[in-house]
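Let's have the full structure, built from the sequences with the hints guiding it.
Residue numbers (full-length UniProt numbering), protein chains in the order written: chain A, 1 to 314; chain B, 1 to 110.
Accuracy of the hints is not assured; some may be wrong.
Capping the alpha-carbon separation at 20 Å, the derived lysine to any residue pairs in SDA-like fashion look like this [unchecked claim]:
# : chain 1 : residue 1 : chain 2 : residue 2
1 : B       : 55        : A       : 55
2 : B       : 55        : A       : 37
3 : B       : 47        : A       : 55
4 : B       : 55        : A       : 263
5 : A       : 263       : A       : 187
6 : B       : 47        : A       : 187
7 : B       : 55        : A       : 115
Read the hints as simulated data drawn from the structure, not as lab findings.
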Amino acid sequence: MSAPRPGGGRQDRVYAPDFLTELFRNPLDPGYADAAAARRGAASPPPARGWRAWSTRSVSLVVVVMLGFLFAVAYRQTMADEPGRSQARSGLVAQIKERESQTDRLSTRADELREEVSRQRDAALSGTAAARLRDLEASTGLGRVRGDGVVVRLADAPDKADAVTGAGAGPPRVLYSDLQGVANALWSAGAEAIAINGQRLTATSTIRSAGEAMLVDFRPVTGPYEVSAIGPSSMRRKFDDSRNAALMRDVAQKTGLSFGVRKANDLTLPAAPEPQLRYAKPSVSPSPSVSGGRSGSPGSSGSPATVSPSGGGR
Amino acid sequence: MIAVLALLAGVVLGVWLDPTVPAALQPYLPIAVVAALDAVFGGVRAKLDRIFDDKQFVVSFISNVLVAGLIVYLGDQLGVGGQLSTGVVVVLGVRIFGNVAAIRRHLFRA
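In structure tokens, the structure reads:
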């Protein structure tokens with residue numbers, strides 16, 4: 001800390017090594033060497049005895065006591081901080097868990113109530129009106145439908161990323177645009193009802209991603225993704241021929257994603273949640289133009305072979 | 001020997017009194033500990049080099065702690081946040097490492 005450097009040459013100009021080099025070469029405070037040199041230079045081997053020496057010694061002892069005190073206080077402080085931090089974290093985790101179970105409970109309750117409403121309505125309405133309403137609900141996605149179709153399965157590539165560095169965790173994942181492409185290709189191949197991991201798509205459904213999570217209609221879905229579609233028997237072939245399917249096959253081959261299409265009989269797709277109309281109001285005059293083929297055909301059950309597990313989205 | 005006893009006495013005192021650090025001083029505590037460690041290892045090495053000096057030890061301890069605290073404070077005021085204290089930790093860490101290496105050479109002749 002003081003200017004004279006130990007062992008400094010007598011030359012007029014000494015270029016001092018830069019600070020870091022000096023630091024690495026001589027980590028000891030130069031003051032110690034200076035003090036030793038001064039003591040030696042004083043040529044009086046017995047250092048000051050008596051009160052003066054005793055006081056410096058006691059001061060340094062007091063400093064050592066302070067050191068211990070400081071260490072203890074710092075240790076206790078750090079330890080005292082730790083439970084607070086982990087408590088906050090576990091509290092947040094518990095809150096998330098609780099809210100999740102609450103959401104699950106509420107959504108099952110909503111499903112029950114929806115069933116109840118439709119049952120009551122069926123009871124209240126006359127036969128033809130109820131059937132027409134059911135058909136409309138089925139075709140718009142608000143009613144549960146059954147039928148034969150295909151299931152497209154997409155899954156992230158097996159995680160080859162380094163667990164420590166996380167390098168290479170990027171590309172081989174299913175993107176929201178893949179799901180969008182598959183859904184659009186299925187619609188254009190003639191699908192009448194589509195659900196992604198048990199989330200029914202309607203005219204206003206969204207498929208997007210927020211960070212790592214994939215959101216279908218603002219509800220998170222996790223891989224593997226199963227896009228179930230009900231449609232005509234030609235749908236499988238048309239979908240396989242579509243540009244999106246070719247693209248996905250290509251992507252799967254190159255990146256290791258899994259992409260598979262299989263035929264599924266007697267699929268059951270759940271109803272989508274009731275859309276919230278904020279600006280559009282239902283016009284009262286009913287236009288009786290229900291196009292013939294798009295009625296969802298709730299009665300046409302095929303052979304009851306494989307009930308696809310299209311649920312389990314959450 | 002006496003120094004070790006004094007250190008233990010300080011630890012016992014700290015545990016026994018269990019003082020609460022005021023919130024304003026809390027950010028300075030870790031850096032003060034690092035600075036104190038530097039002073040301790042410097043003192044031990046000087047002792048082994050037979051050039052230990054009480055006054056030098058006291059002054060280096062106090063000035064280390066004060067300067068380290070000052071730099072942290074300055075970093076806060078300048079808005080560079082923890083980066084200035086990172087510098088302090090690096091410098092003091094290098095010194096601690098060098099001194100511990102010297103102590104090791106003294107003790108194990110290797």
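Hint check:
1. B:55 x A:55: Since the Cα atoms of residue 55 (chain B) and residue 55 (chain A) sit roughly 10 Å apart, the hinted pair holds (cutoff 20 Å).
2. B:55 x A:37: With Cα atoms ~14 Å apart, residue 55 (chain B) and residue 37 (chain A) stay inside 20 Å; holds.
3. B:47 x A:55: 19 Å, holds
4. B:55 x A:263: Violated, at roughly 88 Å.
5. A:263 x A:187: Given that 20 Å is the threshold and the Cα spacing comes to 16 Å, the pair holds.
6. B:47 x A:187: 83 Å, violated
7. B:55 x A:115: 86 Å, violated
Violated hints for the displayed structure, listed by number in ascending order: 4, 6, 7.
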